[in-house]
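Quick note, the sequences are listed as chains A and B, same order. First residue of the first sequence: 1, per this note's numbering; consecutive thereafter. First residue of the second sequence: 1001, per this note's numbering; consecutive thereafter.
Rather than coming from a laboratory, the hints here were simulated on the basis of the structure. None of the values given here were measured: they were computed from a predicted structure. All C-beta atoms in this analysis are idealised placements derived from N, C-alpha and C, irrespective of residue type, glycine included. Please note: incorrect hints may appear among the correct ones.
Below, simulated DSBU-like cross-link-like pairs (lysine-lysine); rule was C-alpha separation at most 35 Å, straight line [claimed, not checked]:
| # | chain 1 | residue 1 | chain 2 | residue 2 |
| --- | --- | --- | --- | --- |
| 1 | B | K1096 | A | K101 |
| 2 | A | K43 | A | K6 |
| 3 | B | K1043 | B | K1101 |
| 4 | B | K1101 | A | K101 |
| 5 | B | K1240 | B | K1043 |
| 6 | B | K1101 | A | K96 |
| 7 | B | K1043 | B | K1096 |
| 8 | A | K6 | A | K101 |
| 9 | A | K101 | B | K1240 |
| 10 | A | K96 | A | K240 |
| 11 | A | K240 | B | K1101 |
| 12 | B | K1253 | B | K1240 |
| 13 | A | K253 | A | K6 |
| 14 | A | K96 | A | K253 |
| 15 | B | K1006 | B | K1096 |
To spell it out: a stretch of chain A is covered by chain B in this simulated footprint if at least three of its residues, at any positions, have a beta carbon under 8 Å from a beta carbon of chain B; those stretches are [to be verified]:
| # | region |
| --- | --- |
| 16 | 22 to 33 |
| 17 | 137 to 144 |
There are 2 protein chains.
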Amino acid sequence: MQAELKAALRSASGEVDAILRSAVPADGGPVANAMLYAAMGGKALRAFLALEGARIHGVAVEDAAPGAAAVECIHAYSLVHDDMPCMDDDDLRRGKPTVHKAWDEGTALLVGDALQAMAFDLLGQGGLPDGRKLALSTSLARAAGLFGMVGGQAKDIAAESAEEPLTLEQIIDLQRGKTGALIEWSARAGAVMAGADQTALARYGECLGLAFQIADDVLDVEGDAEAMGKAVGKDAGRGKATFVSLLGLDGAKSRAVSLVTEACDSISVYGDSAETLRQAAQFVISRRN
Amino acid sequence: MQAELKAALRSASGEVDAILRSAVPADGGPVANAMLYAAMGGKALRAFLALEGARIHGVAVEDAAPGAAAVECIHAYSLVHDDMPCMDDDDLRRGKPTVHKAWDEGTALLVGDALQAMAFDLLGQGGLPDGRKLALSTSLARAAGLFGMVGGQAKDIAAESAEEPLTLEQIIDLQRGKTGALIEWSARAGAVMAGADQTALARYGECLGLAFQIADDVLDVEGDAEAMGKAVGKDAGRGKATFVSLLGLDGAKSRAVSLVTEACDSISVYGDSAETLRQAAQFVISRRN
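Please put together the full structure from these sequences, using the hints given.
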């Protein structure tokens, strides 16, 4: 990862953590403790995208940071709930026990619920005009809900019991909700904060979100092949359609590369100031985990 | 129940249902179907409070209805999640199977998550000024989250494994979050929508919320005693401190009556136009279920 991108991600993570530490009491009981456990210390890719878009548009970091923290709260809540036994039933997340393992299922449920509420509470902070805060809030609600992330998750679950594997079009639709909607919201947020045209960042975010998911599917295959001793990729093993199963490994990789090129091209209007966003797009398909 | 109150509750329920039907696609798959199943057809007490406060302040019903529907979405999501096996593990709600019984736990989790997001999406609708919509949204997030409903729920769970039963002060604090915060938000909402002073309605809502919970504890004892064949009240049976265990049955009833009197007195500034709100306060302590 390039130094500028690394510094920007670290800075984004620091902004999010500072906001969460001031929003959640340090000795506030198990739910408060588990909220901080779940929401802090992540890669903060979504917060980075929001802060970077804001910086490009001249929005002050203290006005942009609440929105950046809000989308990380939504992302964190979705991971806590997805990890629960009634969903993916995962014991580890970022190398640490998941919330329902470190605490219990009831706490995990409440932690996710409270993190989602906190996102919409945070969006009232900072000095942006009310209309822009409201636009951030309603668009984040849309991106998080039935027509975005939750909807994609619901389609993913339905696909597991479907008789036919999904088509490429259906997988793109599913991923646009499940992972794409929050990434696209994050990319657009800086323009919304500035009251500026969102077209370029929206296109960047859309391409980035899809490239991100294709890279995930590639990692599911290549990561496993490299890490000897592990079985075949878990998605392929379940007979689940993925970008790799539908496009082939080389086809998936080249699709991701062309999406990243399109992402970078779409923000050419910002010139050199968008360099870190371009680095992020490249990073998304070159990451190893 | 008095005819005016009955009509106003039915009307509130109709407003909520209309908004939900236009917000959630009718053939949108299991999660969308279960969202409508969970959120429609309730008593709509909270929506009624919001709409009635709005009417008193001259806010048009089409501008107030999204907020009324939003708080019902939050209430409905909390019931769906509370009923899950990792929380209260209830099979029936309003005489129908709970969402995780009628569908499954994963669906129930997503339904609650999507209903919460939808609340903040709906708050963008209608013709109120942006600043007031934003104030509704951030205050609802606060009332729903760690410092309100979820926080109260967390305290309730913690109390179940505590060595000492809660004190009266602790129960009041717990209930102020668990059930009080949404009721108070609903009562205040009309004044927020109008940009008017919230003091009177806030006090009304605070007293009403507490009276509501005391009445619940009374019903838990008297309802059971009357319905022969059922065991002693479930809270008392669990050794859980309630308003009845702390104040005695008569003490709890007289506390509820004086809270209702205070609720009614606090909105005297609105004169006859607040008559239905007074009826609602009386109803809360006279209901049989």
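Hint-by-hint comparison with the structure:
Restraint check for K1096 (chain B) and K101 (chain A): the C-alpha separation of about 32 Å stays at or below 35 Å, so the hint holds. A threshold of 35 Å between alpha carbons decides the hint, and for K43 (chain A) with K6 (chain A) the separation of about 10 Å falls inside it, so the pair holds. Using a Cα cut-off of 35 Å, the hinted pair K1043 (chain B) and K1101 (chain B) holds, with the two alpha carbons roughly 22 Å apart. Of the supplied pair hints, the one linking K1101 (chain B) and K101 (chain A) holds, its CA atoms being roughly 24 Å apart against a limit of 35 Å.
Proximity of K1240 (chain B) to K1043 (chain B) is assessed by CA-CA distance (about 27 Å); at most 35 Å being required, the pair is judged to hold. Distance hint between K1101 (chain B) and K96 (chain A) is fulfilled; the C-alpha atoms sit about 32 Å from each other, no more than 35 Å. The suggested pairing of K1043 (chain B) with K1096 (chain B) holds, with an alpha-carbon distance near 14 Å, which does not exceed 35 Å. Of the pairs offered as hints, the one joining K6 (chain A) and K101 (chain A) holds, with about 31 Å between alpha carbons and a cut-off of 35 Å not exceeded.
A C-alpha spacing of about 27 Å is found between K101 (chain A) and K1240 (chain B), which places the hinted pair at or below 35 Å, so the restraint holds. Using a Cα cut-off of 35 Å, the hinted pair K96 (chain A) and K240 (chain A) holds, with the two alpha carbons roughly 27 Å apart. A threshold of 35 Å between alpha carbons decides the hint, and for K240 (chain A) with K1101 (chain B) the separation of about 27 Å falls inside it, so the pair holds. Between the alpha carbons of K1253 (chain B) and K1240 (chain B) the distance comes to roughly 18 Å, so the proposed pair stays at or under 35 Å and holds.
Taking the CA atoms of K253 (chain A) and K6 (chain A), the gap is about 24 Å. The hint holds against a cut of 35 Å. For the proposed pair K96 (chain A) and K253 (chain A), the alpha carbon gap of about 30 Å is at most 35 Å, so the pair holds. Restraint check: the Cα-Cα separation between K1006 (chain B) and K1096 (chain B) comes to about 22 Å, which is no more than 35 Å; the hinted pair holds. Coverage of the region 22 to 33 of chain A by chain B holds [criterion: at least 3 residues with CB-CB distance below 8 Å; count 6].
For the region 137 to 144 of chain A, the stated coverage by chain B holds: 6 residues have a C-beta nearer than 8 Å to a C-beta of that chain, and at least 3 were required.
Hint compliance for this structure: every hint is met.
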